[in-house]
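Peer 1: Sequence:
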Amino acid sequence: MAPKAKNRNEDLEEEFCLQAVVIADSFNVRFGPITYKKPRALLPLVNIPLLDYTLEALAISGVKDVFVFCCHLGDQIREHIRKSKWQEGGSPMTVTPMMLDSCRSMGDVLREMDAKSLIRNDFILITGDIVSNMDLSQIVKEHRERTRGKDKSSVMTMLFKVALPGHRSRCKEDSVHLIEEGETKRLLHFEKCLDQRKVKVPSEILLEHDDIIYRNDLMDCQISICSPIVPSLFTDNFDFLTRENFVKGILENEEITGYKIHISIIQDKYAARVSNLQTYDAISKDIIARWTYPFVPDMCGSSNGERMQYERHNVYCSADVTLARGCDLQQEVVVGRGTSIGQGTVISGCVIGKNCQIGENVKLKNSFLWDNVVIENNCDIDTALLCSDVKVLSNVTIKKGVVLSWEVVIGPKVVIESGTQLMSEHQKDDWNEGDHSFGEDSEPNEDRLNSSSEKEKPDTVKFGSKCKAFPYQQHVDSEDEEEEAVDYWGVSTSESDERPSEEESSTDEEESNEKDEEGDPMNLEEDEPEDVVDSSLGFNPNASMMEINMAFYKELLDTFIRASTERISDDNLILEINSLKHAYTVPIDEVIYSLPAVLFDLAAEENQMSVTANAKILSSFRKNTDRYSALLCKYIKNVETQLVAINGVCDYVIRHSDLKPTLPHLLNSLYDADVLKEVTILRWFNSTPSGSNEAEKHKFLKRLSQPFINWLKEAEEESTDSDDADGDE
1 MAPKAKNRNE DLEEEFCLQA VVIADSFNVR FGPITYKKPR ALLPLVNIPL LDYTLEALAI
61 SGVKDVFVFC CHLGDQIREH IRKSKWQEGG SPMTVTPMML DSCRSMGDVL REMDAKSLIR
121 NDFILITGDI VSNMDLSQIV KEHRERTRGK DKSSVMTMLF KVALPGHRSR CKEDSVHLIE
181 EGETKRLLHF EKCLDQRKVK VPSEILLEHD DIIYRNDLMD CQISICSPIV PSLFTDNFDF
241 LTRENFVKGI LENEEITGYK IHISIIQDKY AARVSNLQTY DAISKDIIAR WTYPFVPDMC
301 GSSNGERMQY ERHNVYCSAD VTLARGCDLQ QEVVVGRGTS IGQGTVISGC VIGKNCQIGE
361 NVKLKNSFLW DNVVIENNCD IDTALLCSDV KVLSNVTIKK GVVLSWEVVI GPKVVIESGT
421 QLMSEHQKDD WNEGDHSFGE DSEPNEDRLN SSSEKEKPDT VKFGSKCKAF PYQQHVDSED
481 EEEEAVDYWG VSTSESDERP SEEESSTDEE ESNEKDEEGD PMNLEEDEPE DVVDSSLGFN
541 PNASMMEINM AFYKELLDTF IRASTERISD DNLILEINSL KHAYTVPIDE VIYSLPAVLF
601 DLAAEENQMS VTANAKILSS FRKNTDRYSA LLCKYIKNVE TQLVAINGVC DYVIRHSDLK
661 PTLPHLLNSL YDADVLKEVT ILRWFNSTPS GSNEAEKHKF LKRLSQPFIN WLKEAEEEST
721 DSDDADGDE
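Numbers 1 to 729, taken from full-length UniProt numbering, label the letters of the sequence shown in order.
Some hints could be false.
To be verified - Simulated restraints, written as ranges between beta carbons of each label pair:
no.	residue 1	residue 2	range
1	S84	K269	37 to 45 Å
2	M550	S232	26 to 34 Å
3	V415	E252	49 to 57 Å
4	K85	S232	31 to 39 Å
5	E425	D558	45 to 53 Å
6	E417	R82	36 to 44 Å
7	R104	S579	17 to 25 Å
8	E208	R120	34 to 42 Å
Rather than coming from a laboratory, the hints here were simulated on the basis of the structure. We put the beta carbon where it would ideally sit given N, CA and C, even for glycine.
Using the sequences and the hints given, assemble the complete structure.
Peer 2: Shown next as structure tokens:
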């Protein structure tokens with residue numbers, strides 16, 4: 001008898017090859033000067049490169065095909081992978097590095113991945129700084145069963161670990177509030193919380209779902225199981241820069257797109273991301289305490305060709321370490337091969353790399369020393385990170401939270417204050433590296449050369465007479481760090497609040513003044529000093545308005561004019577607006593802020609008039625809001641976006657002083673078109689902005705809009721009276 005034909009689904013299951021995408025770049029500067037010479041994915045965590053932990057986690061999960069996307073210093077990552085065991089014959093997993101120097105966010109990486117058509121089926125999306133000992137294959141299986149069963153529209157399963165607020169491996173900057181549907185584990189609401197105690201929950205969630213669970217006891221592991229459509233969704237939405245943008249976009253547009261996101265929660269396994277120096281410290285201690293088994297120093301060291309002995313009190317020593325008589329390795333200590341430790345030295349809670357030289361009578365506590373570090377006699381170091389080739393001369397005291405970057409030399413006989421971050425060369429401005437002077441100014445000026453050379457000399461008073469050290473100024477410049485406070489590792493909150501110093505503050509003021517002198521192309525009007533108050537308004541308008549990209553605004557207006565003339569459909573117009581947003585790299589709030597103003601300018605163009613309080617223009621504006629109401633609602637769809645639109649209308653009226661009497665009419669037009677809701681308008685009207693300038697501006701706008709607000713309240717009262725009368729009958 002001939003064998004039975006295989007079911008088609010069985011063939012598909014056999015063909016399934018689990019893939020993973022590793023984002024080996026954080027696109028932020030949370031590690032400050034450390035990542036100037038080495039990418040975060042290759043930073044040593046308990047003497048093992050971070051990327052190796054991530055790849056091992058994927059290997060135990062049954063992943064067969066891994067794409068590692070490298071951006072900053074990607075050549076080093078590619079070389080590391082080339083020399084790794086994953087390139088040897090018989091390796092169970094194929095690891096392919098992909099160089100993407102031009103990418104500036106996770107969204108850019110996924111769009112590039114979609115363009116290359118690398119993904120064939122469901123895949124694991126993970127960053128290159130994850131430590132996990134869990135088998136992800138079971139979660140992948142659950143995701144595949146879900147997408148082939150009741151919830152075929154599910155595009156992502158996010159992995160969370162139970163960790164109460166305050167847990168040492170839970171990064172404050174990545175703490176989230178979320179709401180899940182109890183039975184299905186479907187994600188309904190996702191919001192970063194930082195230290196917020198109150199959460200705003202959309203009312204529709206409470207009205208439409210009977211079984212919901214609010215969670216703030218979860219840590220985002222930054223691991224996701226994704227459907228193959230995810231890269232194309234990033235391609236279609238250029239404002240998806242991070243995974244958080246993607247999740248919020250899917251949740252907000254769920255009714256339109258039909259896509260859903262689910263979550264999976266783990267309790268008995270380990271998974272955490274090295275997000276900053278605090279989590280670097282916490283996860284290192286978890287590894288030493290063996291919470292991440294089998295990824296522990298004695299086993300990981302052996303797999304990398306280093307024989308590591310595990311002793312009591314969680315002390316790990318390489319076989320060829322030199323320990324002088326009288327030195328004391330107390331507890332939770334890891335010492336790499338080739339390291340020598342002098343007499344009378346006491347070490348506790350430290351990770352020491354390869355070929356380090358530690359002198360006599362040194363006190364080391366809760367610190368990290370990478371390879372080839374030299375510490376001379378009688379030094380006291382507490383909670384510090386010393387990168388490779390750092391040299392600490394004799395009689396130096398290093399207080400908590402200090403970071404010494406590559407090849408820094410300090411001492412002798414100095415005290416390094418808490419939170420200090422030092423580099424071995426003067427910090428350069430990435431945006432002003434070359435000499436862009438012309439004409440006579442191109443000749444070298446002696447005073448300029450002297451001042452420049454003085455600036456680039458190390459401060460021997462603060463850091464020692466033989467030092468090679470320059471201060472590093474921490475700053476935030478990435479999308480996922482916007483409006484977040486970056487803490488100083490090892491320094492208490494009260495201490496970190498005292499930073500920056502007066503010197504840094506004055507530097508910021510000078511840079512701000514220089515920017516004002518050059519002129520800011522983002523402003524619609526000429527710059528004015530922030531303390532100049534317009535006597536006709538009672539406040540300074542320029543200090544409180546959103547900055548607008550004028551080129552983007554003009555292009556947006558031209559697009560609407562052409563759409564009106566050529567009768568372009570709303571769907572095609574939305575595509576053009578999104579393309580403009582990406583081309584000019586403006587945030588979505590700026591698009592929403594600009595739309596009402598564009599419709600008024602469009603009305604003025606249609607009537608061939610300048611912007612003025614004309615009855616024809618007001619009538620055309622009302623027609624435009626009705627005509628494009630569906631399009632407006634695609635962008636202005638919740639309370640937050642409605643408030644942005646109201647601010648856009650108000651600022652437009654302030655810019656055009658003769659439009660002040662029309663503010664009630666403009667708000668009424670948007671209200672009648674169902675773009676603005678009554679509850680949002682009243683919330684804006686009753687709000688109390690902080691800051692004297694904002695408060696004066698709000699009072700002015702309240703006076704202008706009072707007639708419309710009175711009408712709204714009267715209409716609401718009449719509606720209430722009518723309902724009561726119907727009830728009495």
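Peer 1: Enumerate the violated hints, using their earlier numbering and listing them in ascending order.
Peer 2: Result: hint 1 breaks, nothing else.
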